[in-house]
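Using the sequences and the hints, build the whole thing.
For the record, the sequence lines run as chains Y and R. Residue numbering for the first sequence follows the working numbering, starting at 1 and increasing by one per position. Residue numbering for the second sequence follows the working numbering, starting at 144 and increasing by one per position.
Please note: incorrect hints may appear among the correct ones.
If you only want the chain R side, here are some residues facing chain Y, beta carbon under 7 Å, derived [unchecked claim]:
{"id": "1", "residue": "H150"}
{"id": "2", "residue": "A152"}
{"id": "3", "residue": "V218"}
{"id": "4", "residue": "E262"}
{"id": "5", "residue": "L266"}
{"id": "6", "residue": "L269"}
Bear in mind the hints are in silico, worked out from the structure with no lab data behind them. We put the CB at the ideal spot given by N, CA and C, even for glycine.
Residues per chain, in single letters:
Protein chains: 2
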Amino acid sequence: MRLLRAHAALTRRLSAQLQAEHGLTINDYEALLLLSRAEERRMRRVDLAATLLLTASGVTRLLDGLEAGGFVERVLCDVDRRVAYARLTDAGAARLRAASESHVAAVRSLLESHLRPEELEQLAELLGRLPGTGGAGAETCRP
Amino acid sequence: MRLLRAHAALTRRLSAQLQAEHGLTINDYEALLLLSRAEERRMRRVDLAATLLLTASGVTRLLDGLEAGGFVERVLCDVDRRVAYARLTDAGAARLRAASESHVAAVRSLLESHLRPEELEQLAELLGRLPGTGGAGAETCRP
DNA sequence: GCGGTATAGTTGTGACCGCAAAGGAGGGTA
DNA sequence: TACCCTCCTTTGCGGTCACAACTATACCGC
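As structure tokens, then:
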């Protein structure tokens, strides 16, 4: 079962390409992607951590970088002063659009050159049953 | 296709458990495992790197730790003085045996609790077709 | 209101790893 | 021999991340 190891190398390869072309790591990219799909383009940092499978400290530093680049801004929640949202900026949305073109192309070519479409679907289904891939929707601070 | 992300979390979990119980990281463990199966319990560092999907520098530091622990020893090749083998010591073999019991149990319980045997086989087959999982047998310095 | 507990987030520390540069060694050609 | 190119390995540097400790806020029972 050492095959799962292949994933690490694939991820590094995709991340390196993304970084060279657009200055984003894989996690940067996925954080922007999640925010772009979230309601009002914002998520609590703790939800971001759970979805990205990072710890809270990891998210802090991830967002440090994205804030410095102007792709994300910090928004305080007015009903719960513990929480700080990360909100996608217009610049962040633009960067995401630019990066997604080459990134999804890269992912597709990597996977589709080795698997047929129905196999790809099978793979996704099997991996989806493993723990840690649960839904984890974006919550607001007021349910 | 974000599902591949699940692997990172799984690996971290397994590695943390392995480290807590036996003081080995996942890569430590797999290096010992590879050596235990290799001819004369030794491999060239460069082959170890290729199989573990690490760079040469990564292997240097990995083996630094294993040598410090006495699990692996450095053996120079007498016909090509560029190459240094890593050879498993008896202490390393013992540590591997001890760790493997709980580790394979952990892997099995993690995977088998979520997938049926034939699905597991399917998963292995699909992942095996991805690049970076090729055979890479252990070579000696004299073919 | 007052403690106790839970939750959100930040920071210090250390581990692991890739990349680039450099050094030592082998094998070829002139 | 002298030169060049390739291979194996190590070291310096920087990035990413988890863990633990800490602060600040919220909520519960009294």
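Evaluated hints:
Against a cut-off of 7 Å between C-beta atoms, the interface hint on R/H150 holds, since the closest Cβ of chain Y lies about 4 Å away. Nearest Cβ of chain Y to the Cβ of R/A152: about 4 Å, under the 7 Å cut. The hint holds. Of the supplied interface hints, the one on R/V218 is violated, with its beta-carbon coming no nearer than about 25 Å to a beta-carbon of chain Y, more than 7 Å. Checking R/E262 against chain Y: minimum C-beta separation of about 6 Å stays under 7 Å; hint holds.
At a threshold of 7 Å, the smallest CB-CB gap from R/L266 to chain Y is about 5 Å, leaving the interface hint in force. Checking R/L269 against chain Y: minimum C-beta separation of about 5 Å stays under 7 Å; hint holds.
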